[in-house]
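Fit chain B to the given chain A structure using the hints.
Sequence lines, in order, name chains A and B.
Residues 0 to 92, numbered by numbering that gives the first Met the number 0, are exactly what the first sequence covers, in order.
Residues 0 to 416, numbered by numbering that gives the first Met the number 0, are exactly what the second sequence covers, in order.
The hints are simulated quantities; they were obtained by calculation from the structure and are not laboratory data.
Hints are supplied without guarantee of correctness; some may be wrong.
Said to hold, decoys possible - Calculated Cβ distances over 10 Å to all of chain A for the following chain B residues:
id, residue
1, Q152
2, I156
3, E207
4, L254
5, L266
6, N278
Unchecked claim - Stretch-level coverage of chain B by chain A, calculated; a stretch enters the list once three of its residues show a Cβ under 8 Å from a Cβ in chain A:
id, segment
7, 236–247
8, 297–306
9, 309–317
10, 400–408
The beta carbon of each residue, even a glycine, is placed where N, CA and C say it ideally should be.
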Amino acid sequence: MQLIRCPWCGSREEAEFHYGGQAHVSYPENPAELSDAEWARYVFFRDNPRGPFAERWVHSAGCRRWFNAIRDTGTHDLLAVYRIGDPRPEVAT
Amino acid sequence: MTENVRPLPLRPDSDDLPEHPSFLWRNPDPKPSYDVVIVGGGGHGLATAYYLAKNHGITNVAVLEKGWLAGGNMARNTTIIRSNYLWDESSGIYEHSLKLWEGLEEDLGYPILFSQRGVLNLAHSLQDVRDSVRRVNANRLNGVDAEWVDPQQVKQICPIVNVSPDVRYPVLGATYQPRAGIAKHDYVAWGFARRANEFGVDLIQNCEVTGLDVVDGRVVGLQTSRGNIRAGKVALAAAGHSSVLASMVGLRLPLQSHPLQALVSELLEPVHPTVVMSNAVHVYVSQAHKGELVMGAGIDSFNGYGQRGAFHIIERQMSAALELFPIFARAHLLRTWAGIVDTTPDASPIVGLSPIANLYLNCGWGTGGFKATPGVGWCFAHTVANDEPHQYNAPFTLDRFTTGALVDEHGAAAVAH
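Bound conformation, chain A alone:
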């Protein structure tokens, strides 16, 4: 089982966490002006890279707080964790 570093609680087993998908996807600023294609991109389309991926996790069985992580989807290596609201850190890959 993989260990995930919660920014508040430290390393815990993966089973304590839930996954939240791609990070840094913000609600459209002008929703009334969006075309169908733009809505589709917001609702249904997410990045799906093989390699470093900024994503959200929540420590459901711990502090219950959300945070962001950068994880390599090819190797499953956790490269960085950071708090919601912080900018995406640079990681060496």
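Chain B in isolation, oriented as in the chain A frame:
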């Protein structure tokens, strides 16, 4: 006691060894140019190549596979074949596929161990029962064999299922599709590969696509680890890696790739006569011809391309299996593995044209692509040959995510994804 111990056999004469089986296909080097290049040498890619040749007379075709033929999800699925999907669009393509399965062994001239042993989809709550009965009625209206069976009938069909009311999630009944079943996944792939090869299709292994050449909005060729190849048309059938390929031409797909784990037990005497799937107590189980119990469950939650998953997923799967089949308590786990499944927001595939001319998409089959192998090969070949979708894949466009015409099989499809 010692007189019963036989000496180790000496190295046998080569005369005693069985003949090496003849090779089922050539291993050609890529030619500079093809009419159609299919990316992905799994079940879908091989079936597409076969039907392009057989139904449309298109044989100047290459199938490019970055590893070995049928070594991805085709080697990693749980081989369940059924067509009892809720929506008309889904039952259209899956029932087309099931009808092809029923004649496939004869068509390919190759044994595939297709066994129509039926599938039970168990219901564990009042809502499950209502949804299941609705699905049975929808299936019947679409000409798909389906019936609702009560717990005692479940017990008659599969005596080892625990139908006691004293469990956390009692079996309240099930849907039953008698024509459903399993097949030997490797043999299916080899059967398609052998026949495609006979038609002159080049099956090129260890050939990874590293780039797609697009000129004026039209795909004209591919860059690969074995050189550049010009192509009249390019058909993508790369399952979990579809997003990676599409990103080479700046095309974004509504896919998320996840590990999906499965496992087998040691070889056991025949105990399980059918296929049992449970949505609420999440596991699906059948017994392979050889004797292993073959089980699968849900995806690992995170995006991943690593072809391995977390052990707590296996633990939950095992506890679900034991809830339904207490007899499995002492069976040993032999092996677990994972494949990479490309899931879509509506749990239905994307099969059809792309925004780039002469580039065709077959992806998004998520956790359920094996059963569709002959059906999607048939329809995707039609799409590539005619530059327009077959009636059965016409609903499964990329632009349904913009128009809103989703085919929402989440939950409706008899198993959670």
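Evaluated hints:
1. The claim that B/Q152 is not at the interface with chain A holds, since no C-beta of that chain comes within 10 Å of its own (minimum 37 Å).
2. The claim that B/I156 lies off the interface holds: its Cβ sits roughly 35 Å from the closest Cβ of chain A, which is beyond the 10 Å cut-off.
3. B/E207, annotated as away from the interface, keeps every beta carbon of chain A farther than 10 Å; the closest lies near 12 Å.
4. A Cβ of chain A approaches the Cβ of B/L254 within 10 Å, the least distance being about 5 Å, so the stated non-interface status is violated.
5. Every CB of chain A lies more than 10 Å from the CB of B/L266, the least distance being 28 Å, so the non-interface label holds.
6. The claim that B/N278 is not at the interface with chain A holds, since no C-beta of that chain comes within 10 Å of its own (minimum 20 Å).
7. Coverage of the segment 236–247 of chain B by chain A holds. Counting CB-CB distances below 8 Å, 4 residues qualify, and the rule asks for three or more.
8. For the segment 297–306 of chain B, the stated coverage by chain A is satisfied: 6 residues place a CB nearer than 8 Å to a CB of that chain, which reaches the threshold of 3.
9. Counting residues of the segment 309–317 of chain B whose beta-carbon sits less than 8 Å from any beta-carbon of chain A gives 3, enough to reach three: the coverage restraint holds.
10. Note: the segment 400–408 of chain B has 4 residues with beta-carbon separation from chain A under 8 Å; the three-residue rule is met and the coverage holds.
The structure is inconsistent with hint 4 alone, although it conforms to all the rest.
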